[in-house]
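Undergrad: Residue-level listing of the chains:
Number of protein chains: 4
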Amino acid sequence: MIVVMQPGSTREQVNILVSRIQALGLGAHLSEGEEHTIVGVVGSPLPPSLEDELEIVSGVERVVRITKKYKLTGWDFHPQKTRIQVRDVTIGGEAITIIAGPCSVENEEQTVSTAKAVKAAGASILRGGAYKPRTSPYEFRGLGRRGLEILATAREETGMPIITEVMTPSDIETVNEFTDIFQIGARNSQNYLLLEEVGKARKPVMLKRGLSMLMEEWLLAAEYVMAQGNPDVILCERGVRTFEQITRNTLDVSSVPVIQGMSHLPVFIDPSHAAGKRAWVPSLSLAGVAAGADGLMIEVHPSPEQALSDGAQSLTFDQFAELTPRISAVAEAVGRTLPVPVLAV
Amino acid sequence: MIVVMQPGSTREQVNILVSRIQALGLGAHLSEGEEHTIVGVVGSPLPPSLEDELEIVSGVERVVRITKKYKLTGWDFHPQKTRIQVRDVTIGGEAITIIAGPCSVENEEQTVSTAKAVKAAGASILRGGAYKPRTSPYEFRGLGRRGLEILATAREETGMPIITEVMTPSDIETVNEFTDIFQIGARNSQNYLLLEEVGKARKPVMLKRGLSMLMEEWLLAAEYVMAQGNPDVILCERGVRTFEQITRNTLDVSSVPVIQGMSHLPVFIDPSHAAGKRAWVPSLSLAGVAAGADGLMIEVHPSPEQALSDGAQSLTFDQFAELTPRISAVAEAVGRTLPVPVLAV
Amino acid sequence: MIVVMQPGSTREQVNILVSRIQALGLGAHLSEGEEHTIVGVVGSPLPPSLEDELEIVSGVERVVRITKKYKLTGWDFHPQKTRIQVRDVTIGGEAITIIAGPCSVENEEQTVSTAKAVKAAGASILRGGAYKPRTSPYEFRGLGRRGLEILATAREETGMPIITEVMTPSDIETVNEFTDIFQIGARNSQNYLLLEEVGKARKPVMLKRGLSMLMEEWLLAAEYVMAQGNPDVILCERGVRTFEQITRNTLDVSSVPVIQGMSHLPVFIDPSHAAGKRAWVPSLSLAGVAAGADGLMIEVHPSPEQALSDGAQSLTFDQFAELTPRISAVAEAVGRTLPVPVLAV
Amino acid sequence: MIVVMQPGSTREQVNILVSRIQALGLGAHLSEGEEHTIVGVVGSPLPPSLEDELEIVSGVERVVRITKKYKLTGWDFHPQKTRIQVRDVTIGGEAITIIAGPCSVENEEQTVSTAKAVKAAGASILRGGAYKPRTSPYEFRGLGRRGLEILATAREETGMPIITEVMTPSDIETVNEFTDIFQIGARNSQNYLLLEEVGKARKPVMLKRGLSMLMEEWLLAAEYVMAQGNPDVILCERGVRTFEQITRNTLDVSSVPVIQGMSHLPVFIDPSHAAGKRAWVPSLSLAGVAAGADGLMIEVHPSPEQALSDGAQSLTFDQFAELTPRISAVAEAVGRTLPVPVLAV
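Residue numbers (the numbering used here), protein chains in the order written: chain L, 1 to 345; chain F, 346 to 690; chain G, 691 to 1035; chain H, 1036 to 1380.
Excised from the complex, chain L in its bound form:
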């Protein structure tokens, strides 16, 4: 860490800073420039809030952290890319993974038929919401435990692992009875107690990026899960909030290469929530795969016009079946694979 003193700072201010650094068991390294005195702080590990502590010493202009705050999610101590095994699906390998399914589990028929259709077209994991976060308290909130049971039925009938969202620590136990992967939604991406509790659950966790979350904050949120001993975190970009209103969110496709440079964790793209309209879902899916994403999470519904939530952004079975061969082609073009069943092509 580097501490930059103000132009007119006094020798006494520098001394106070240095004592403070040494009192923390760290070393201080002085360097006097023409305008600024600069103090390097060495020692390991640096306390996570050291910037805050040093920034407030009088005479200090700015503190610059050199080392990263995130550890478990970074490459430094984990030089292999993380691969996650969920039943017979491997996430993070050469093959890309498609998670598909309805926004909300509405009934058995809807969910099972969707599971079969998306499996036939190349998806390998089934998504479906049983507990739904809704902006307004007057909207449909999901079927709860009954929804989880329906997902389990769909798994039995298709063999696909399932992923579903958990919204609060007290639901973790129930969701854990059924799910293969926990999903943490964008609005809960900094609900730290939920992250820790789900970190104790020993099942993979998919962590969506918050609406205005910095990439570093995203890794630190994943760090909450991993710090509980759970190594299996998947990051999922679903668009950030900007001034643009035509799209529901602005898909930050650059998060794929940037996060892959910072972290060994798999990165997925959710084109459905980013776009908000089904017409744009195919393009964003292809863009995500071309950028190097390890997988996609796509909303599919047997009859989007009847969906209880997010119908506008859900693909029909046919649209999904037309899309997966195109995804497969782009995957091949960038050196990945997506095995698409022959019938679907």
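Mixed in with the good hints, there may be bad ones.
16 angstroms max Cα-Cα, derived EDC-like pairs, lysine to aspartate or glutamate [said to hold, decoys possible]:
(1) Lys890/G x Asp870/G
(2) Lys68/L x Glu51/L
(3) Lys758/G x Glu406/F
(4) Lys1235/H x Asp1206/H
(5) Lys277/L x Asp397/F
(6) Lys1104/H x Glu1252/H
(7) Lys622/F x Glu61/L
(8) Lys413/F x Glu725/G
(9) Lys71/L x Glu484/F
The set of hints was computed from the structure by calculation and includes no laboratory data.
A quick note: this is a predicted structure, and the numbers were derived from the prediction, not measured.
Given the structure of chain L, go ahead and fit chains F, G and H onto it with the hints provided.
TA: Positioned in the frame of chain L, the structure of chains F, G and H alone reads:
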């Protein structure tokens, strides 16, 4: 609600739309323009996700909601401004309310001395965090129950009501034993289950605006609390996230008049989290009061250089005592009051 | 256009509104709902600032435009996708177009060698800045006319058409002597007089998206060029400004399908300015092509470590030569082509 | 400037960096930490794009500038706050300055009557647009030279200095014949050639903040004007673009104290463009003055319902006359003054 059909939409598509509207027990009102056919939807109440349901009917270009989604927080059914009584403090009246105290409760001496100092200078409610949300899992997270006990001691010694943050439903019971007002932080502003649980607790709730929360979403979040029968919600603007990096957040001071036009709930300003640096806290405090805020929430610490969190944005006792008479003067200038003890002036 | 009256609006207010609409030679269509009276405005063309004019009539709550403000850039009056011929290069056809070259023209050797290298690897148009917009007045601003002459030399030696930025109306004449395509930079994207002047110049214009420009504003900016009779506008997405600081800008890859749905104009992606670091340029290039972009504009420099501007985001010759075959593969995968010379593969 | 090397950087990479620094006539100062080697760069002045040049040397992780890029606008070489004399009005002194008038000059009667009304209520400078930037090419663009003549007539009749926008270098000469202050609009805030040309004109320049402009970029834009020898620049905050759509822009009131800490230039607030609706203009005006702004720029129109532009955000004469005494009261409360004519109170 108005449904705009695409230019080339067919008569049959319009008929399907109309049947769908009527199936929901609502009326449809046709109006054919030169380019677009427009269908008005009448009936009350309109289902909250009706846009989503109609937007996906084929031939529809756009759906425009005319009536508001928020109800309990709006003026329509509550034409008087909300006043909230917390012990002997009235929030939302002519007098503005200053909440002050340390970011985190660190020990009894720190908290009690701060309580006495801010009370002497004009604050009427004491803030202090016992459970702290931190971006990194490796940072100080607060004293928990011990912190609440210390806040209670400070209340006993000064007579000031206290406000503290609750982060998860399972902590509500414990926090409820001690606090006078629940605070919901920005990162939990769309943690809907927490909002509902705190809504059942029958104590006032201060709801901070999320980092990229629209004002309408903020009112809908407050609606979650009020829908549980809890009428006492205070909204607190603490800055939103923008591209600007010098300030910690960008204080959206316009939220004061805009929310006051939309809602009867009191609106506060938190200049400390918005600024991120103590030098800018006084200007933002004065701006908030001039814009018509019902109160301020300001971080104060006996020795900011030693603070365990947010030291850079905390005022010293002296800085706070210098600020309150200035706040009082601006309050008077805009037809409000802030009684400042004579000694403080 | 639809005008929504406030809940308590009077009959007289509605009458005044209606008279005002009729005075403009337009028709008004009344529709009374339970809460709101709604007035439809019909007639063609609607004045472009009609919203503003009606929004201020007393009793009006909101005005909603149904028809689009942009005309020449939209599909309604131009149902074929625009193809632009620049010497022997066709933009907007099945083949995607790669524009490459240095950020700034520095000298003949640098520019000509880059032109040859990028041509050999599959680029078909040469870029290079002779007039550079710089955030600080103390930075390198380009060689001016000498830079244009060097670009012309590079064109002679390679046969590649050239594109270069023009920053102010008085430079158009000079730039016009040399360039094949005018580039309007992000910071000038709403410099309307420049847009009009360049619209008179009868050469293709590439219009970069502004840092916080809505897609509709972008089309309206293009409309300024087209309204002067110049049909050959290329739109280029180069990232928008968000809170994220790791990337220079946030590439909004969804602008490709969204704009293609709204407009017949070709859309390009500039991955270099979006990323800000060369490591991320390949991923963003591939993502852009997969999303359906009609072309890419990529910065390449013989020795990025010596570049006078934007070195950090420029590819070396080798990096560019490795990238184009990958772009070609993704282009094929999405039904487009990029002819890459055999030697480069 | 500090250069942070990557963890695994080699001694040779460091040597290359050091040679490069020395080749620029600067000194390099090595400091080896446990994880990172750090190189301090000393010498003065540092080239403005030195970060870019060093960031691309191989082995470099990050470059951190310690000294500021802006010079003439900063306090370092100009320790007195700038006061600008415009005829008999002093900007930047104890008294705050109110600029008021219509968005567009429409005719003599409208402009002169507005001038008289705002002067009577306490404004001291008249604003009015003769050249208007409009998002769409089909909107009203101002009266041009005739508009300037009308402004001059209003000045003659009231004695008020005038301010008007200039949009392109070729209009500067004409505008200069009439105006007392040049206004550069938000969309031209990084039109550097315009900034330089107006810097040569030797009249005060008001520079509006761009829609997504960082405060440092704003000062650098002002630096373009000052670098031409023109010391009289006024900065005007008019709101930045965010995700919030209720307000036209989000007024960043914190720019007042932040800029005042960085620069000696006067800072104004434009509440009209920030709000977009007249109902919120008073609150934002008062907030701006309370935050310490040196002045306000407010749109006023004799009959906003008839305005050719920005009617929705313009105050009527009565609304303006009611507002100025309130502004005066807040100004007094923060140690400033606004002389309001007795009749107006």
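Undergrad: Confirm or reject each hint.
TA: Hints, one by one, checked against the model:
1. Lys890/G x Asp870/G: Roughly 14 angstroms between the alpha carbons, so the hint for Lys890/G and Asp870/G holds.
2. Lys68/L x Glu51/L: holds, 12 angstroms
3. Lys758/G x Glu406/F: holds, 12 angstroms
4. Lys1235/H x Asp1206/H: holds, 13 angstroms
5. Lys277/L x Asp397/F: holds, 11 angstroms
6. Lys1104/H x Glu1252/H: holds, 10 angstroms
7. Lys622/F x Glu61/L: holds, 12 angstroms
8. Lys413/F x Glu725/G: With a Cα-Cα distance of about 11 angstroms, the restraint between Lys413/F and Glu725/G holds, given a limit of 16 angstroms.
9. Lys71/L x Glu484/F: The hint holds at about 13 angstroms.
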